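Guided by the hints, dock chains V and W onto chain L, whose structure is given.
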Amino acid sequence: MMTLGHIAEQLGLLLKGDANVEITALAPLSQATGQHLSFVAKAGSLSELADCRAGAVIVKGDWAEHWTGSYLVSDNPYLAYAKATHLFDNRPTLSQKIHERALISPHATLGSDVTVDAGAVVEAGVTIGEGAWIGANVYVGQDSHIGAHSRVYPGTVLYHGVRVGHHCTVHANAVIGADGFGFAPCADGWTKIVQLGGVRIGNWVEIGAGTTIDRGALNDTVVDDNVILDDQVHIAHNVHIGARTGIAACTGVAGSTVIGQDCTLAGMVGVGDHLTLADNVHVNGQCRVSRSLTEPGLYASGTAIQPYSKWSRSAVRFEQLDEMAKRLKTLEKQLGALAPSSSRHRGDAS
Amino acid sequence: MMTLGHIAEQLGLLLKGDANVEITALAPLSQATGQHLSFVAKAGSLSELADCRAGAVIVKGDWAEHWTGSYLVSDNPYLAYAKATHLFDNRPTLSQKIHERALISPHATLGSDVTVDAGAVVEAGVTIGEGAWIGANVYVGQDSHIGAHSRVYPGTVLYHGVRVGHHCTVHANAVIGADGFGFAPCADGWTKIVQLGGVRIGNWVEIGAGTTIDRGALNDTVVDDNVILDDQVHIAHNVHIGARTGIAACTGVAGSTVIGQDCTLAGMVGVGDHLTLADNVHVNGQCRVSRSLTEPGLYASGTAIQPYSKWSRSAVRFEQLDEMAKRLKTLEKQLGALAPSSSRHRGDAS
Amino acid sequence: MMTLGHIAEQLGLLLKGDANVEITALAPLSQATGQHLSFVAKAGSLSELADCRAGAVIVKGDWAEHWTGSYLVSDNPYLAYAKATHLFDNRPTLSQKIHERALISPHATLGSDVTVDAGAVVEAGVTIGEGAWIGANVYVGQDSHIGAHSRVYPGTVLYHGVRVGHHCTVHANAVIGADGFGFAPCADGWTKIVQLGGVRIGNWVEIGAGTTIDRGALNDTVVDDNVILDDQVHIAHNVHIGARTGIAACTGVAGSTVIGQDCTLAGMVGVGDHLTLADNVHVNGQCRVSRSLTEPGLYASGTAIQPYSKWSRSAVRFEQLDEMAKRLKTLEKQLGALAPSSSRHRGDAS
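Residue numbers (this note's numbering), protein chains in the order written: chain L, 16 to 365; chain V, 16 to 365; chain W, 16 to 365.
Rather than coming from a laboratory, the hints here were simulated on the basis of the structure. Since this is a predicted model, take the numbers as computed values, not measurements. Any given hint might turn out to be false.
Intra- or inter-copy, both count: the list cannot distinguish identical chains.
[What the hints assert, rightly or not] Listed below are the simulated BS3-like cross-link pairs for lysine-lysine, each with C-alpha atoms no more than 25 Å apart in a straight line:
#1 Lys-341 to Lys-75
#2 Lys-57 to Lys-207
#3 Lys-31 to Lys-75
#4 Lys-75 to Lys-325
#5 Lys-348 to Lys-207
#6 Lys-341 to Lys-112
#7 Lys-112 to Lys-325
#8 Lys-207 to Lys-75
#9 Lys-325 to Lys-207
With the rest of the complex left out, here is chain L (with noise of 0.2 Å):
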């Protein structure tokens, strides 16, 4: 429990009303009760206020007068709201010892107030950054490291040979640097290609659960820093990860495609492989990308979700398309040859 007139001081955030509030946690608008401070993250959300209960609200200075009781002054409700959770931080906290049951090697070097929980296994050459945290169970190859601060979840697997920043955050069961998928077709089927490169990792990465981040075949796979990576998110082998990306869960990018900065990649997106993403690319759920994307802006592909049946008698003509398009164009000359002087369609690149 905390104070408004604490969180006001620790957010930075100018005070209205009372400083003596007693708040026990963060709630939506709808939910929040006396002990609770709220937020109105968008102007769309302001007739809400009429009915919450909120003992305080985060709001913009000129949407103060939609409410009637304390409040915080911010800009940016919504990121004043992301900076509030870390006041409430209800996660574990760490023990800065090593378990006896982790397995340490001698040849690894460890920084100060580093935890290693049981169970998990640091291997020789590897480097940990002071503050950091391995989880149980987790893995780090040979000489790899892990950067200060830095907190690697239960189940981790980090292979030889990779590299993660300071104050990166991997989840659960997440693997990086496993083999790329390179193989040469042979009589037999096919040769494996050695994955000789490794995996960097900036600073300040979050790296969902059950995501994979394969090492590259000769060069290095590389994330860089402040991107954001949802669960079971698959990056292939040398692919490029430019600053400040964030990917949703289940999105998969094929090897050796560099995606540039600040881009979004929502969820299920399939990028192919060889291909370059520019600045500020922003691609819709479940998007196949197939070739390269010069110009910033927003992509898609697809089609609608419908009524199954509906569905069904579009999609069978989707397969008819291209005879349309030239039923079509018939349609278009014999029209044309009738009526010579009507105005006909101009623009036609069918």
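Using the frame of chain L, we list chains V and W on its own:
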């Protein structure tokens, strides 16, 4: 090995024929031999009975005329088969012991007959119901709960504050309670929103291998009773999945979406964020659910598979569809002007 | 470091030039310097040779005129490069020891020179072939088998009754043998069908990180020799994958489907259940394989990526496609009535 009579008694089914037939296993109609019990799941399979060599079959009463041997009568032979598999259960038995290499916090509470295998870590504040199984190298975070008779397979990670009901099964390397993908854009890229909620899983829920269910931002992510989730499913923060809903492999559900009861999502479906799906909604494989579905029924999106050369012609035309529609409208107008008395197309909503 | 002459000898390739060039690493044409060996994978890359500074390259014999330095001659330079990566293998060596913190059942049988790392659990009835590697925190369930010289990376879980052949690689956090997704609908929701079958993996198979291969319902799920599976692939129960087939990341194959030999499925493909794919079928990325494919060839589905505003117009028209087709037909009839002698479109099958 057991007799047909014993099986009939266990399943509560009427037996016609020889109760002393020795049955060693269940088998499909096409592969069954004299020591096998088989079953007819649907009328369309009755023709297979002529060549079937099973020792006995499970059939509906009015299907028995197609079969000359011993049989068990069931109104729902597929359900009877499902129940019969439990008589032949070949899964390893549980030791009902805490392995000496498991690590149980002195502040955890375990019911009777609990099995905890080697390498498992159970943190402070955890409660585990009677008869539950915590597999090898599983991690159960602080203050989490596993209900009675639930089975957690090796390598699974449960974060802190995760509640799993009784008689649940969580398959290997699943992750429950990882951080939802919540970040506020800021000057440096992204400010993390600490995910303060938890996860609540009901009773009799099955969760597949590698599946991820994220914790909520402020409230809990909720999966209701009798839900079945296949492998590599992703459930984002604050999703609510209604009772008895089934979700096939590789499907992802984005944040805050509410899915009703008795729904089925086929494989690799993507469901957008903040949507509502009514009860009894059924979604085809790989469908892109980009809007709420307020009516029960079957839905689909996308296009059918074609040989590449045909598909590419359709795909090019898809990009010209709006122009084609306009040309079609122009033609209709021109033809109407030429032949004003002829019957024009009605209901044109383009 | 090794000499070009040694590499030529190891790969069985003809050397032209200086056998004493010291080679420290492999590198792409554009990055290679004097101590690097590079390669020309396809004729299209020959123009890069002019500026290439590699110590030596691997080329086809009739490509050598484009290169003035030392070179190795190969009919298949890409395959020669694949073989060369094995000469520069930088993966950590195996200890060939059972770590004191591994847990091996007294009823398991291990061949010579087997490595079992810390935290691994090997259950009763397991057999492990000579030279195999069981990584840290791996779980090998009862009565399973790992063939000679196979490598199982950390965190992988093999359930009971799983058979992996020799010279296989299973990457980290993969799960083999979890329950297939089999349930019979019943009054309460679902009755579990205990999955009584197992999994059989052939020899020289590669399985990617986080990939899941479910056990069969009554029979086994089968992956034949020389199959390569990328990361986060899902293979459902009773699937059969033919020899030498390659499946890229994030692809899912639903239950009981049979995929032929020498097929390739690109990334994020979804294959429906109970289908048959012929030998030499190749499927484009994100394709929805909703029917059996009886002819070899390349297949695709979906639509191309477009800027959102253009795409949304196409997507709206997709929903109107059936109506458009009918209007087109109406126009053809009307025009035919106006101009009965003009040449009408033939082959209209709408």
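**OP:** Run the structure past the numbered hints and jot down the numbers of the failing ones, going up.
**Re:** 1, 4, 5, 6, 7, 9
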